[in-house]
Amino acid sequence: MRELGTNKENTWCTGCGNFGILNAVKKAINSLVAEGVPLADIVMTSGIGCHGKIFDYLALSGIYGLHGRAIATAEGIKLANPKLTVISFGGDGDSLGEGLEHTLFAAKRNIDLTLILHNNGNYGLTTGQFSPLSTLGYKGLSTPFGSIENPFRPIPLLIEAGATFAARGFSAKPDHLASLIHQAALHKGFSFIEVMQPCVSYNNNYTELNNTVKMLDIVPANLNQAIDLAGDSDNVYLGVFVRKQLPVYNESLLGSFIPVKERFTLAQRRKMLGS
Amino acid sequence: MRELGTNKENTWCTGCGNFGILNAVKKAINSLVAEGVPLADIVMTSGIGCHGKIFDYLALSGIYGLHGRAIATAEGIKLANPKLTVISFGGDGDSLGEGLEHTLFAAKRNIDLTLILHNNGNYGLTTGQFSPLSTLGYKGLSTPFGSIENPFRPIPLLIEAGATFAARGFSAKPDHLASLIHQAALHKGFSFIEVMQPCVSYNNNYTELNNTVKMLDIVPANLNQAIDLAGDSDNVYLGVFVRKQLPVYNESLLGSFIPVKERFTLAQRRKMLGS
Amino acid sequence: MLQTNSLLPQMNKPKTILIGGKAGEGVKKAAQVIAALLCQNGYHVFQQDDYQSLIKGGHNFSGVSFAEEPVHTGYQKADLIVSLDKRSLQTHINDCNSGAIHCFNSDDCLQTMDQDSSVTLLGYPLNAMMKEVYSKPSNVSMAALAICFAWLGYSEELLCDTIAKEFKRDVEDNIRYAKEVFKLCHPDFLSTNLSIPQNSIPLLPGARLLSGNQAIAQGAWLAGLDFYYAYPMTPASSILHYLALKQQTYKTFAIHAESELAAANMAIGSVFAGARTAIGSSGGGFALMQEAFSLAGMAEAPLLCIVSSRPGPATGVSTYTAQEDLMFALYQGHGEFGRIVASPDSAARALTLTAELLSLAWEFQSPVILLTDKHLSESSADVAVSQVVESCSLPDEPNLTESTDTYNRYEFTDNGVSPLRFPGSDFGDDSLMIKWNSHEHHPSGLRTDSSESIKAMKDKRNLKSRGLQEATKNYQRIAVYGDSGPVVYAYGSTVLELREAAKHCSYKFRIVALIYLLPLAIDDLQDYIRDEAIVVEHSSTGTLATYLQQNLTLKIKKSILHYDGRPFDPIELALLIEEAIDA
Amino acid sequence: MLQTNSLLPQMNKPKTILIGGKAGEGVKKAAQVIAALLCQNGYHVFQQDDYQSLIKGGHNFSGVSFAEEPVHTGYQKADLIVSLDKRSLQTHINDCNSGAIHCFNSDDCLQTMDQDSSVTLLGYPLNAMMKEVYSKPSNVSMAALAICFAWLGYSEELLCDTIAKEFKRDVEDNIRYAKEVFKLCHPDFLSTNLSIPQNSIPLLPGARLLSGNQAIAQGAWLAGLDFYYAYPMTPASSILHYLALKQQTYKTFAIHAESELAAANMAIGSVFAGARTAIGSSGGGFALMQEAFSLAGMAEAPLLCIVSSRPGPATGVSTYTAQEDLMFALYQGHGEFGRIVASPDSAARALTLTAELLSLAWEFQSPVILLTDKHLSESSADVAVSQVVESCSLPDEPNLTESTDTYNRYEFTDNGVSPLRFPGSDFGDDSLMIKWNSHEHHPSGLRTDSSESIKAMKDKRNLKSRGLQEATKNYQRIAVYGDSGPVVYAYGSTVLELREAAKHCSYKFRIVALIYLLPLAIDDLQDYIRDEAIVVEHSSTGTLATYLQQNLTLKIKKSILHYDGRPFDPIELALLIEEAIDA
Ligand SMILES: Cc1ncc(C[n+]2csc(CCOP(=O)(O)OP(=O)(O)O)c2C)c(N)n1
Ligand SMILES: Cc1ncc(C[n+]2csc(CCOP(=O)(O)OP(=O)(O)O)c2C)c(N)n1
Ligand code: SF4
Ligand code: SF4
Ligand SMILES: [Mg+2]
Ligand SMILES: [Mg+2]
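Residue numbers (my numbering), protein chains in the order written: chain U, 8 to 282; chain B, 8 to 282; chain A, 34 to 616; chain L, 34 to 616.
For lysine-lysine, the following PhoX-like pairs were computed, each having C-alpha atoms within a straight-line distance of at most 20 angstroms: (1) B:K15 x L:K89; (2) A:K284 x U:K146; (3) B:K278 x A:K284; (4) B:K278 x A:K279; (5) U:K90 x L:K284; (6) L:K284 x U:K268; (7) U:K278 x L:K284; (8) A:K89 x U:K15; (9) A:K279 x B:K268; (10) B:K146 x L:K201; (11) U:K268 x L:K279; (12) L:K55 x B:K15; (13) A:K55 x U:K15; (14) A:K201 x U:K146; (15) U:K146 x A:K279; (16) B:K268 x A:K284; (17) U:K278 x L:K279; (18) A:K201 x A:K62.
Rather than coming from a laboratory, the hints here were simulated on the basis of the structure.
Work out the full structure, taking the sequences as your base and the hints as a guide.
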């Protein structure tokens, strides 16, 4: 079991759901490594927000990118070196607000990446404003009289956009979450994991979640069922909603070619251009 | 019947589906005016693309905005003066590529606007590159070996995001389309109309569409059915898929207040601040 | 001892209180409550916060500097420090003026540190007392309040009233805890006998504690703000928060959009419909608004853009201060179009300047930029709001319903400013067609690509732009502080730092504060360019110095650069100025 | 008549062919085919297009100017005009040189216009003939080809071969139609006897017709381009199109992303993984890439950014040319970080300069900007590719796999350039941790907000930036054309226009072409700043003139501004220069 930590002081609030996610990720990576994936081949990107700080706490190569753009950055990495296993960490503001477009296009392309969405129902790092996943009536500094928007339903939305793997985990169930991350990383295609992540400072829904989470026993038989289950507002189902095989973008584009390895030399380029 | 045209030379290709859309819009506006909506209260925004040129051909006030941002601009208009009926025209590249985020958030908010999507399956104005709605394998200048992405399904996607009115029309059936636009404009909430618009220059699917369009007789009984019908790839159903009443954003925000009409005077503001 | 320990401000020597603790412990709020009270008592105050990008834990500290004279920026060294945790005690052990009192939480740290012998270190068992009092969520910032109240000589009664007013939750526990701590301090207080002479200072009429961002929001609102669109980004976020909170009283709407791109384009929609509108962000968010900023130039949309800087590039350092975005602000937007850029040099100026800018935007139907920085945005000072508001002369908002034959949105006129009309049956009849266009256009607003029309419309916009630049002459474009000595150039919060430093500098100097940055007030500046100049800025490459030299024939003797994200301490800055003058 | 009508180029007097018609009629393609052929025959050519933002209809025209001497830009007045429709005939009726031939479609317009008596107007029934020949989709551009071939003295055989090679569809009908038209012209041709002396001119070895954008793409590829990310935007789109087409031969991948924001951030991902990467757009799209541009500065990502300008602001005029984005390009990105900006002054230079810039980007791990404009991007000229490629000296790409003890992405070094490593087991072992960060960071790449670290890392980047600026000295930073006479400053496609104008000006002048714009080559320019200067640019406010004056002690005698979206006609420009010199 590798530690996978860094020497950076952790600045998440005590009790924050992000700790559970960090542990689950470490566990999943250890499983991958145990199964033969070189650690050097696992890279990460993250957005900006409390979730993004995971970049500082994980001993993985990667890019701590711009708010909302982590998934686009991840796509660029995957295309340049498709041998890498790329995991991207996003917040609900990050991946479904500022960066919604990139998230849905990554799913549409079925590019072989994993997106872990830290769903804490608010903008934690910027002091708790409402987010695209905040419930109607949520009071934050930008909505002091309550949010007047309904939240997106992330899993149904991502499935509609084209995600071929979609699952939900809970930061308080890190073993289950680790198994989801492990499956997602191995899944060939775009994998989306919504992680219910209580934010003790602005959206402490531990109790509520503990009361409403239910385990999915099997992957739902068809898409409509998956969407209905994922969109259920009384029960927060945890597990895999969709898993299917479709052509992946990086392979359609590159075949077996690895751009960063199989480059022409300057001499070759000179010759080809000149002739 | 008002003409509603301008003196601007029309530069769409002969046979372009946009002509049918233009006619349908004029007809729908005439119906609205006949029913008592002041013409002065109908405004438009448009994106950049062949679709956007409708701005130059329609005698309506409005903003010929930036590529992808027409719907955001429309939201700003509606909030400042909720008495206006706001119709936004977008292309598939415009509203579902560059501006996807705004389109989905407008639906999420259920803001009282109409978005008419000119679905010609390509970027017409920039010479036929593939678009978010181009079919797999589509060859354009940016995908000379064929697109390797599946298209979005616009109506299911918009319904998932929160559109409370979703319909599909066909530019070659301008009367039916006019009726859809008329209904959409009167619908309170976010209305989305996908218009199948053949592009004779780059994606001439007239024959294909003529062979596959089918009329929906009634609004589907439930959401799953609506989505299945809208997503049917063998039959292109035309009609209204979803129509429901939910609180609209502009009313939740403003109540009956009309910002541009009920403004404090400078003297009032001075007094309020000073005290 | 009474003299040096006294928290009573002496001429030119503001006193400083510093409260340190973990994020989430209420350090900032406590400092603000104290600052507001001092302000109410007639003191001039400056309150500033040093915090990290985290929600709980870490180390935050907030300072309150106050005096009978205006205080322009905070001091690093304090006369009273309250350290709620060990890190705070360690970090600030040397941040004491001679004779200072440093109270710390003896439950979190045993005092074993080296210390300046003139400093009195007092440990109080704040945790233990908290445990006794509170049933559930405890609030250690009450201890900070109590200690400060005690040392300032405020009464227990006032302490209790203030807590009841300012902290809505757990009032009883809070008061009980505060009282306990207050009692502990009281003997110390008595022995030094440092009570503030209540009412001995005339109340500053109408003075209120205002952060720069609050002042900006109020200024915009004064000039008619109807809508504010933004996406949260430190240090601009609190404009959004403040205006959102004021929705019901101000009837102004602050919308947290899905992104900066959305915010900026929504804003242009609202402007089109007739609403006075602003957008705001920090550098990274404003970068995302550039295309729309250029649209405002083309469509001739009056739009106020507020940029509050933090250290860059990219995400940079979210919660600290910088002036790295000068060139970025001056040259934003692709294509050529006019704009003005101005930067307030105090909270009071933030109010009037924002109002001016929004008015100018509407007079000339142009985008305008208010450039500021974290130190000014988020720090608070006493502002005599009613006087400031009164002093702010603004044109009346024009009545826009008069009709013309055929309306052309971009009509050619003598000054390049076309008549503005709004859509809707409330503002015109069915024949009124108002077309705004992101393409080059005819006067009608319909698109064109004809050679003559492109040229004509560019000439019109350039004409208008010259008028806009000229019109800035109606406002105060530079401010000069000091009446003799070498000239020191600065803008934004650096001016605050310089004004405070002037109190401690052995040489006199004149601060030339650039309020309008574009256009530069070249003519107003003529009086100051003869001598060798000093330029002070929070930038690592000296962009202000560069910009001045690009536009004035100016010899720069010394460019003082500070770029670690922290504001200058006025005493340190005074030394740097002395060195520069001596050099 | 033989003399004046001759399409054979005379010394310094290029001949010009102009083909006009509706969009969608193949006007541009026909012109390019002719230009390519002339180029193959050893002529120097310049081919440029004037088109509107529409797909079918409207009025497009394409010019081909050619000569035995280099031709730097196209001429407005032609020696042979082919007008495929009435609008074309009307529009270009006065665009004739004396002795020109203007062939038009007599089925679309009866020739009843006033005309210069020296011009021969010839009407051919192009529609009727088309109807006879074609079963389904007809192609009137074949007529244009046939007419040009006839007048140029090319054989029917060559006409047929060329059509078969260049137009894949409907080959037989096309050839039949072209032959019919060719026959019609032939008698005219015979009577003037203007055949091109085949092979009398030595072939320019390796000369190929290349558009500016193709040259940019080839230059980038030469320097190792692996990925190009973009979102289509005129006039940058054809870089995307060209590279997409070359995917299989070049093994470079051109990705049409969902937006410019996506493109720019994807690009940084690819760079991180070790791929040489570029992005490109016009002003509006580049505005959307600004935040990522700043990220490239912070993360120290080598990234080539290509900006091809069109008239702004906002959507502006999509298909025309301008140089309005100079300041925008110079000062992009919030926060302070180094970059260079350069602009090619010919298609050949576009190739070498792009290669240089991408190499410099990698040498200094910095973003770089190649600024160009529609006229250079989309016009084509003969380029001796193999010679140009040979002349381009580029550093070898470093081998990056050597290992160090612990790797720190942002290690402090003597020159501020930190070692670069790539992720993946192919490039390092499990202990290699490579952290790129958009926040201010420690050498390890982990985030920091400490005062000392912020300062140190800014100092490091500034040091590196000075090195980058210094390194531009290894390349040609300015080009001077002409050896005596007044100095005329310009950059980008304006240099082409000036070089052509020089042939027609009664005074000699020296063109100082600024290839590197940031940093300005102040030292190289010292030789030229003594005299009063003329500055020529496609801008309405004279930003180049302003920029030069900000940075050089330069007296500008005359600033010649052209801002209607059209390139200068060299003869008109020559007159303006004469006026300026005389003034
Ligand atoms: C372009 C840009 N806009 C705004 C910000 C400020 N910002 C930082 S994090 C954040 C929101 C974080 O919310 P979320 O993504 O949900 O992350 P969380 O903190 O909740 O984990 C914002 C708005 C930024 N860094 N960049
Ligand atoms: C920011 C920006 N990027 C790119 C463009 C160039 N552009 C203009 S229209 C267009 C695509 C048009 O496609 P679509 O929206 O489907 O409209 P259509 O022409 O098919 O109606 C693009 C990429 C632009 N104007 N602005
Ligand atoms: S604010 Fe919320 S999400 Fe952020 S660290 Fe604290 S508990 Fe976690
Ligand atoms: S290119 Fe296509 S969409 Fe555009 S005008 Fe022509 S037919 Fe219509
Ligand atoms: Mg969140
Ligand atoms: Mg389209």
